[in-house]
Every structure is written in C-alpha cells, then in structure tokens.
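K.L.:
Now for the letters of each chain:
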Amino acid sequence: MPLFLLLVHLVSAGPVWHVPYRLAATNHILLRAKLNGSGPYNFIMDTGAPALFVAEDVAKKLGIKPNAQHWGVVNRLEVEGGPVVEKIGARVEGPFQLQTMNQLALTGVQIHGVIGYNVLARFRIEIDATRPTLAWTPLAFVPPAPVNITSAEKKRLAQPVKDQKQMEAMAKMAAAMFAKKPVEVVPRGFLGIEIGETADGVVVRSVLPGGPAAASGLKSGDMVTSVTSPGKAAVSIRSSVFLLEQLRGLAPDEQVAVDVRRGGETRHFSITAGRGGL
Amino acid sequence: MKRTIAVVLLAAAIPCASARALPQPVIHVAPLHLFRSGHIGVSARINGQGPFRLVLDTGSPITFVSNRVAKILGLPGGAAPAGGGMFGMGMSLNPFARVKSLDVGGAVVKDFDIMVLDHPVIQMLGTVEGPVDGIVGFTFFSRFRTTLDYAAKRVSFTPISFEPPDVMKSVFRALMDRNGTRRVVAPAALWGMTLEDGADGPVIKSVYDGSPAAESGLRAGDRIVSLDGRWVESTIGFFDRAADIRPGALASLVVHRVGRDLPVNVIPRAGL
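As you go down the protein sequences, you meet chains Y and P in turn.
Just so you know, we're using the numbering used here here: the first sequence kicks off at 1 and counts up by one.
Just so you know, we're using the numbering used here here: the second sequence kicks off at 1001 and counts up by one.
Hints were generated in silico from the structure; no laboratory data involved.
These numbers come from a predicted model, not from an experiment.
Misleading hints may appear alongside valid ones.
Said to hold, decoys possible - Take a look, some chain Y residues computed to stay more than 12 Å from chain P by CB distance:
{"#": "1", "residue": "Asp57"}
{"#": "2", "residue": "Val58"}
{"#": "3", "residue": "Gln69"}
{"#": "4", "residue": "Glu78"}
{"#": "5", "residue": "Pro132"}
{"#": "6", "residue": "Thr225"}
{"#": "7", "residue": "Ser236"}
{"#": "8", "residue": "Glu265"}
{"#": "9", "residue": "Phe269"}
Unchecked claim - Covered stretches of chain P, going by a simulated chain Y footprint (3 or more residues, C-beta under 8 Å):
{"#": "10", "segment": "1043–1057"}
{"#": "11", "segment": "1107–1115"}
{"#": "12", "segment": "1120–1133"}
Stated by the list, open to error - Calculated pairs, DSBU-like style, for lysine-lysine (alpha carbon to alpha carbon, straight line, at most 30 Å):
{"#": "13", "chain 1": "P", "residue 1": "Lys1169", "chain 2": "Y", "residue 2": "Lys165"}
{"#": "14", "chain 1": "P", "residue 1": "Lys1071", "chain 2": "Y", "residue 2": "Lys162"}
{"#": "15", "chain 1": "P", "residue 1": "Lys1205", "chain 2": "Y", "residue 2": "Lys34"}
Glycine included, C-beta positions come from ideal geometry on N, C-alpha and C.
Let the hints inform the model, and build the full structure from the sequences given.
P.N.:
Structure below.
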C-alpha cells in the first residue's frame, strides 16, 4: 500500500460521529437522544453542567429510580448521529433554567434534560455553527467523577446559595408572567398536485389519482392563474415557488380556491386540503 | 496526538501537495482546566489585561465577567447577583458592556459585548476551587470552530464566518409573540403519500400512483425510521425534515417493513 493511502487510513481511523443539532432562539445547542431505547428526547449540550440531567417526568416514565441524592442510572444513552454511552449516572431533576425555558416556550420544543460533563468528556467535540452536524470522536478516557462539595465548603457557600435561590424565584416569577400555552403544530394541508412552469405560467403537471385536487376536478394541463387562501384575497400566480409560498400556511381541512385556464376558458375549483399528505 | 503525528507525516510524504497548499486556517490552542466539579476553565485576557480564569460553557448563551473583573477593567457597574436574570430580564435595560478585545489562547474577538454579573454558580465554584471570574459562552465560542478535548485538556479555536444571533432580541421576540397558537409545517416538495402516527413512529397510510413515493417503491404500511440519517419520530417530525428537501433533491429514507429495515431513496418533485 502506498504510504499516502496508509496515512490517510491512519488519520481517519477513529469513528467520528456526526451529531445533528439545532440552535435554539436562546442560542442553546439542542441535541436529541434516546434513553434506554425510548425517545427521542431533547437535550441541551452543556459543558457547564456536571452530568447528564433528566427531567423527573421522563425518568419516571422510563422507570429510572433516583436515590436520595437525586442520582439515577441510565443504562443506555444514544445520541442522534451515533454516539452511545452505557451505564451513565444521571441527575434526575429539571434545573430551573429548563423549567423556565419550557414554560416560556422559548426553544419551540420541550426540553427534557441536559447533556453535561460525564457524557461530553468521553468525546472530542467539534462545534462549528456553520455546519449542520457536530463531530464527536470517542476518546479512550473515562472522566473522573465530579466531586461533591464538602460540608466545610458548604458553610462558605451560604451567600451564593441564597443568591441562587433568589435567582430561581425571580426566573419562576417571570416565567409565570409570560407563560405561553404550547403552540399547536400541524402538517401543511395536502392537495396532491405536481406543478411546473411553462412559458405561459404555472401548469398542473399531474393530479394524484384519489387525492384532494382530483376530487375537486382539477386536471393535468390546467394553467394556475390565481389562488385564494382561507380569509385572504385572491393572488395572481406567476411562478411555482410563489404558489408554494402562498399556500405555506394552509392547514388540513381548510379550503383553497384555485382559478385555472383550461382550453381558453377560466375554470374555478375549490379544494379541501387533506391531512397528513405530502 | 496520533492524528497530529499522522498529519505531519502525511504532509512530509506528499511535498508536492503541501507546496501548493491552500491558505492554512489559523488554529489557536488553549489549555483547558478541568475543575473537580466537572466544569472546564480557560485563561482569558480582556482588553490586554488578565489573565482571568473563566468557565467555558456551551450552555451559556452569553459571555460574562464578575464585578471584580469589571472594576479592574473600568467597565460600567454590573447587575447585582439576582438582578441580572438568567434570560436577560435584568433591572438594567442594557446589561452589556463593550470590551475592546477578549482573547482566549490567541483566539481574539474584538469590540465584544460582555455582561457584568456575579452569577451565584460561578461564585460557588470560585469559593471552592479558587478564583473564577465569569463564563465564556456562545457569543464567543460560536465565532470559531471550537474543539473540546477533555482527555488532552485543551480546546482549539479556528476562526469561521459566523455571527451569533442577538439572543436578547430573539428571546424578546419569542416573549412578545403571544398570538401564535398554531404553526403549520410545510414540506418543500411533493412526495405523493400520506402518513399517520403509529405507536413506534410515522407509518405510510397510502401511496399515490405515479408519485415519487410510488416510483421509489414505498408502500402503505412502511414505518419511517429515519430521513437523511436523522430520526423521524412522528408525522410532524417528518414534515419538519421535509421542509428542507427541495424538489429534485435525493432523500435517503430507512423504512421498517415486515421486521426489516430497508433503505429507500426518494426524489420528491415540485408540488403540494
């Protein structure tokens, strides 16, 4: 084997996991992971947390029983993209920051926990916000367990502990003030048409047999001239991208009016959008 | 280390390649202090002063320093411990102060907004483990390709062109946006199938004749396991991913059919 190839092999020897993430509006890095085969659940990747944190309700659902100090064991943590850690200690508690974020619906998803030091330290982790995934490379390194604070040290911590409690109380108060009901998320309504563009405008290339558009009488070859979304004025259609943009917010069971040109005539159709189709 | 050695050897083995080398990205490497608590710390210089020991925290949207450091730097007074608020809901309208530079191991961000805050957690850490003066958060590390290595006890920063979004603005927007009770998730292309949620994830309910889904061999009853390597846990989850798949793009699915996982490629077309 040429030296060159041998070396390339060496460089890429370790498995690198490409971990998908999402950046929340709060600039938190959100990962998904399965706990003991269940999930996925949403986690914040947080080097500022000493361990894996799992919200109480999730732990309860999965039968993860914490001891008196709130520590439990997760038999298998599988992070989306591939990394797996087995028999990992987890704090069973939702830090107040999570509760606040969830109450305020700041990230768009329910956060179920935090992935911290005792998981993260087992990997070399590359964060690049211009890329869709993080690179996690397993390390032959078992991180030392985080050390608990001694009782002598605790005495010196009275003031910060008091401050922390006060901060939590304030965050909770603010969260209660701004608490937001969870947003209902629905799939876009379905028409069942393939569209394209010709020199004359936007054309229905095909109508899926048995779909909502077929039921209304729309046919392939129809030229779409305008659409009217529920509660809106009719809009002239000049491009297929524009048509899709106009109907972005179409919910299932809503009606959309479509004007088409067919053989020199203008025809009018009303289509009831289907549910769960794409 | 193995990787570094290999890269060096590789460069030596192919001199012609390195001779016409692309501009090398600058990589700044800083030692990582591992606290007993599991936190990681870095040494930072602010406006050329310091070094100050700060916690490197991927869970912190912002970067902040203690009032002690603010005083040394002559920054305007900060917020009281409980007044700063975790989410910027502090007493002051602008809790940020601008510093000329923040330097961690040679990785420098200039004209940088920093919060002045005595965070209780940082105070606890400081009480137990010696001086700690704040947190390096997303506003700093996201401007670099940041590589953490706990085993080697180092962090590296390679500049990238990323400007972190203003978290104060986006949180404020999220708080003010109280009317949105429904969000519609729109796929970017036509697949030609309907989905419904089953106990283990979304299941294909029907496949339309002549559609991209039919042509790719998808069948009613198939349970969708993943799309482009990402887990799909629900119909909405599938629609969310499909929002990024343009007409004509190749989508790689894994579906579960009669006890087996099968790969299926679909090329959705323009439509809805």
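K.L.:
Each hint needs a verdict: does it hold in this structure or not?
P.N.:
Okay, the hints, checked on the actual structure:
no. : hint                    : result
1   : Asp57                   : holds (17 Å)
2   : Val58                   : holds (14 Å)
3   : Gln69                   : holds (15 Å)
4   : Glu78                   : violated (10 Å)
5   : Pro132                  : violated (9 Å)
6   : Thr225                  : holds (17 Å)
7   : Ser236                  : holds (18 Å)
8   : Glu265                  : holds (23 Å)
9   : Phe269                  : holds (15 Å)
10  : 1043–1057               : holds (count 3)
11  : 1107–1115               : violated (count 0)
12  : 1120–1133               : holds (count 6)
13  : P:Lys1169 with Y:Lys165 : holds (27 Å)
14  : P:Lys1071 with Y:Lys162 : holds (24 Å)
15  : P:Lys1205 with Y:Lys34  : holds (26 Å)
Hint violations for this structure: numbers 4, 5, 11, all remaining hints satisfied.
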